[in-house]
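Okay, so the sequence shown: first residue is 73 according to my numbering, each after it adds one.
Just so you know, not all the hints are guaranteed correct.
Straight-line C-alpha distance at most 30 Å; calculated DSS-like pairs for lysine-lysine [what the hints assert, rightly or not]:
#, residue 1, residue 2
1, LYS232, LYS257
2, LYS185, LYS174
3, LYS89, LYS79
4, LYS123, LYS98
5, LYS257, LYS174
6, LYS111, LYS232
7, LYS111, LYS123
8, LYS123, LYS190
9, LYS79, LYS185
10, LYS177, LYS139
11, LYS177, LYS221
12, LYS79, LYS123
13, LYS79, LYS111
14, LYS139, LYS111
15, LYS177, LYS232
16, LYS89, LYS174
17, LYS113, LYS139
18, LYS139, LYS79
19, LYS174, LYS111
20, LYS123, LYS113
Cβ pair distances, simulated, as ranges [unchecked claim]:
#, residue 1, residue 2, range
21, THR138, GLY118, 13 to 23 Å
22, GLN161, ALA219, 38 to 48 Å
23, LEU104, GLU206, 47 to 57 Å
24, LYS98, ASN239, 47 to 57 Å
25, SER100, MET73, 14 to 24 Å
26, LYS190, ASN238, 37 to 47 Å
27, ASP149, TYR186, 13 to 23 Å
28, VAL230, THR198, 16 to 26 Å
29, VAL211, ASP137, 21 to 31 Å
The hints are simulated quantities; they were obtained by calculation from the structure and are not laboratory data.
No residue lacks a Cβ here, since even glycine has one placed at the ideal position from N, Cα and C.
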Amino acid sequence: MNIQDVKINSTIEFDGKLWYVVEYQKVSRPRLAALFRTKLKNIETGQVLEKNFLPSETVGEVFVDTKEMQYSYEDGDLVYFMDLETYDQVPFDKAQVQDVMKYIKDDTVCSVKYANGKLISIDPPTFIELNIVECEPAVAGNTSGTAYKPAKCETGLVVKVPLFVNNGERIRIDTRTGEYMERVK
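Based on the sequences and whatever the hints tell you, model everything.
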């Protein structure tokens with residue numbers, strides 16, 4: 073595959089390893105050929121690499137298989153998801169998925185992506201609803217504009233919420249940014 077055909081969030085093979093494309097940008101240079109600036113994340117190690125490619129360079133195309141799986145439980149260093157087609161319990165290393173687990177509670181359905189039999193990513197739903205378990209009381213003070221305070225959710229996620237949000241309330245969070253969206257009734 074030509075480097076010009078690569079897109080953000082795609083998976084490529086480069087230097088014999090699988091890489092996830094985090095950023096991709098075409099840079100025009102006066103009197104020179106364009107340059108393709110990328111930020112790649114190694115799927116196995118998590119290493120991030122910034123690499124510039126010339127238009128003539130090629131990378132390996134990787135076909136990604138996506139499955140819908142439901143979070144089941146955690147056991148030691150493993151987390152288990154149930155394949156919704158076969159009902160098999162599939163274990164994943166907790167260290168490999170720890171960054172996404174703060175958005176996942178019991179029975180959450182996620183998109184699990186594989187390439188060449190290796191886990192690429194677990195994508196939670198775009199928006200999730202979580203209960204606040206720990207939150208400071210609102211204190212009116214010298215605020216100009218919108219004021220925020222930290223709130224701890226049931227999964228351990230800490231998110232900044234407006235002052236009017238209290239303990240025990242349910243909020244909607246955007247999993248792409250980790251930001252508070254709205255209060256849910």
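Hint check against the structure, violated hint numbers in rising order: 29
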